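Visitor: Construct the entire structure; sequences and hints are all you get.
Protein chains: 2
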Amino acid sequence: MTVRWGRDGPGFLMDLDRAAPETLGRQLQEQLRAAVRSGRLRPGERLPSSRRLAQQLGISRGLVVGAYEQLGAEGYLAAEKGAGTRVAASVTAARRRPLPRPGGARPGGGAPDPVEFAYGIPDLASFPMGDWTWALAEAARTVPAAHLGDDADAGSPWLREVVTSYHRRLRAGCAAPADAVVVGGFRHGLTVVVATLARRGITHLALEDPGPREHDRIALRAGLGVVPVPVDDHGLDVARLRASPARAVLVTPAHQCPTGALLSPERRRELVAWAEEVDGLILEDDYDAEFRYDRRPVGSLQGLAPDRVVALGSVSKTLAPAIKIGWVLAPPEYVPAVLEEKRLTSRGVPVLDQLALARLVESGRFDRHLRRMRTLYAARRDALAEALGGALPGLPLTGLAAGCHALLRLPPGTREAAVVAAARRRSVVVRGLGDYLVPAGRPGDRPPGPLGPALVLGFGNVNESRIRRGVRALAEALAETRAGDPAGAAGPGPAGGGTGAPPVRQVY
Amino acid sequence: MTVRWGRDGPGFLMDLDRAAPETLGRQLQEQLRAAVRSGRLRPGERLPSSRRLAQQLGISRGLVVGAYEQLGAEGYLAAEKGAGTRVAASVTAARRRPLPRPGGARPGGGAPDPVEFAYGIPDLASFPMGDWTWALAEAARTVPAAHLGDDADAGSPWLREVVTSYHRRLRAGCAAPADAVVVGGFRHGLTVVVATLARRGITHLALEDPGPREHDRIALRAGLGVVPVPVDDHGLDVARLRASPARAVLVTPAHQCPTGALLSPERRRELVAWAEEVDGLILEDDYDAEFRYDRRPVGSLQGLAPDRVVALGSVSKTLAPAIKIGWVLAPPEYVPAVLEEKRLTSRGVPVLDQLALARLVESGRFDRHLRRMRTLYAARRDALAEALGGALPGLPLTGLAAGCHALLRLPPGTREAAVVAAARRRSVVVRGLGDYLVPAGRPGDRPPGPLGPALVLGFGNVNESRIRRGVRALAEALAETRAGDPAGAAGPGPAGGGTGAPPVRQVY
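First to last, the protein sequences are chains B and W. Residues in the first sequence are numbered consecutively from 87, following this note's numbering. Residues in the second sequence are numbered consecutively from 87, following this note's numbering.
Do not take every clue at face value.
No distinction is drawn between identical chains; accordingly, a pair holds when it is met within one copy or between any pair of copies.
Claimed, not checked - Keeping only pairs whose Cα atoms sit at most 25 Å apart, straight-line, the calculated SDA-like set for lysine to any residue is:
#1 K167 <-> R132
#2 K167 <-> S135
#3 K167 <-> G148
#4 K167 <-> R454
#5 K167 <-> R137
#6 K167 <-> G450
#7 K167 <-> R147
#8 K167 <-> S449
#9 K167 <-> S146
Since the hints were made in silico from the structure, they are not lab data. Note that the structure is predicted; figures quoted are calculated from it, not measured.
Guide: Given below as structure tokens:
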């Protein structure tokens, strides 16, 4: 990839020594030659115009023209009619490391067009680009110049009004705008919050097990110990939490990641009671609450216990991960510490993006988008359930009451890693439940948890025909795995769900 | 501030229990009333239309209309012709904490239109909003939907090509695109880099003293000890660094913050030799290099010693802090660790903003903006020097060879804090040099460093007439301070510049 400099291209830094014995023209030639040889200027890259370079260096234009001609004659440069002077394409530049492929790993074998059952990715083709560019243009048109400075404070007051109002209305929250801190997405928010906990004397963070990937590493990075707490069909096992030394817990109550369980009303009450008893804090990752397919709505924990809950949110799953805006809604006493951690880790979030999001939500366009997506995801959900019912009847599929992923339980004894590998050979990318066990580690290298082997099927970014194709491939992969492993009992058995205190993993 | 919901506004979460003894209409009324009382719905805020709410709840529209009428009769709601139903403005909402004023502290006394000699803020009114929105629109028009997912990797490959190419050309750098990691501004980059150092076994980070504010806190947050190293007219005192236990140092070589010194060629060579000797690392904050007023250009340290330098950059001072994009150019062996720290602290930088910046730079519009700003800042620099020469003759003004700030040395014995306070009373905001001493602390509460008392005058965002007004006020403030303190020797004297090892401050 060669940068296609427009107009003259930027200048070029050179140090001409007027006191040196070599002439300026000679120095110019030598430095340009060295720049091409060392790769400072790349093959095909356009040089500044002779006029611009002469102006920048404070020398006559003729010297630059002369140097360009000389290096052209030597084969370093090539002048093109109307396209300026470029480095000759034939030059071999030094020290050129190839860029890694963008977007991370792809399935091997060069297979075309894989089906990726990726967790947490919404339908990217449905991103409302027209609405978003409208909102950005509105923001650009109306922002006062004085607001283009640092945003080290809590973020746009307007966005904080809009986010908290929306959260009150649709999530039955009760945070005031002053409780809201805008952050650069969920992970930035979590980084800031776990550092705040550590500063406030909290030593251990409990995490759902299985749970969102890498959250244990983020907590450990802040100096917290990590306590995995099991999850069942009703969400986090609060009795196990109670037996642990943790005074803070991170939960996904609206749609547990990755099992899809909804935290039951009893567990919600128990969890809040626990927080009161231990003077603790609940971190609520309220994702997927926007996409429920059953009628009964479930409010946020934040609304239930505003003094015990820090709610974290983002638009990664409602708009697109690329937008990178999130928020932290914290009890008032925690807000100053959260702000300080935000200030030390970044000077804030792009201002125009914040204003665009506020505009998008306030205008109703965000809501219109969510309605559209609800319909789309409901159809994909039905397609997944139908395809699996046909291809793999009898395997339980759970967690479908909300959101964009479900859990396909595999027959006991099935080795997840083998199924995942067999699916990859068929151009289907999927993760086993084992990838979500705490602590985070390499995929496929550990025994299944108490829930047994399962696959996490994210369908947000997979259209219906691809869902059907992917499910056929999964059925083949499972058949192949079981055929090659007739005992069906390779690998260690389930870890067993004891009732004592969960293990504590210290800082590594 | 009331959110002005467009169209219908978003829905409203309610839990109607079809098995309960109360009728659905009664439940609806009760839940709406509770929402107004608790502040979930704010005075003046628009409710969903009856059609939308009925649809959302799966009930007849008549029930919603009836509930709205009942609550209207009770004074909770007010229906406006053509504007839908709103919460009555007279309702007093519970728990409403006021928003703090955006933009941080302002001078007291309600004085209008202060002159702020703020460090590090470019001319915000000159932000090229037209070019930026053009670049954003181009990015939106051309980005493939598949690129709207997570950006947990090193960032846009295109932006990394453009940034490294620009750095090679104009800063004589030699980083390859694969060495570049896009981050959310300088602070995010520094957070990620210091965490990387800590992981790689580096225990102490040396910092310029005086130096950029709060960098000690960012290092301490990562678990590093901090070693302040004095700065003189040639930049960092490398001999003092050599006597310290630090194996990493953060420097501002192109225009020292806040003294404005240029790191001399001898010191550059000594610094690189030091890094080789101790197997250490130099973190280069290459800011203000774009705005040099003398002819002799100075390349980046990264180009001089690519295996020993991590270069950090951002567009905060070339475009505006609000943009929040920066980069880290690291020796190849450090790149994987930097990427991992980036991934754990955020899932990356807004994708459209990255593409817009790449487009802006590649198109030449960025460069055109810089040329304009160079002229603007040169005029402001001259205005500052001239005004100070007239109002405060004899006081040395240093650091003016580049950038947008200078250092005004005050007569020995002058108390910075008193001058700063007297200036504030005249609506002029300025910081004393003491605010930049390591460790960071509250302003004005410590003795001056070996450079003596001084003021840091940022003039990037202050136009020429305001510069003149500000300088007049500073002269008055200084006269007032000296008049009230005739001995001219209040406060402890300079700390003295010993030659031994600098003190080490451990993690707090």
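Visitor: Against each hint, give a clear statement of whether it holds in the structure.
Guide: Evaluated hints:
| no. | hint | in the structure |
| --- | --- | --- |
| 1 | K167 <-> R132 | within (13 Å within a copy, 63 Å between copies) |
| 2 | K167 <-> S135 | within (13 Å within a copy, 64 Å between copies) |
| 3 | K167 <-> G148 | within (19 Å within a copy, 75 Å between copies) |
| 4 | K167 <-> R454 | between (52 Å within a copy, 24 Å between copies) |
| 5 | K167 <-> R137 | within (16 Å within a copy, 66 Å between copies) |
| 6 | K167 <-> G450 | between (53 Å within a copy, 20 Å between copies) |
| 7 | K167 <-> R147 | within (19 Å within a copy, 71 Å between copies) |
| 8 | K167 <-> S449 | between (51 Å within a copy, 20 Å between copies) |
| 9 | K167 <-> S146 | within (22 Å within a copy, 73 Å between copies) |
In the structure shown, no violation is registered for any of the earlier numbered hints.
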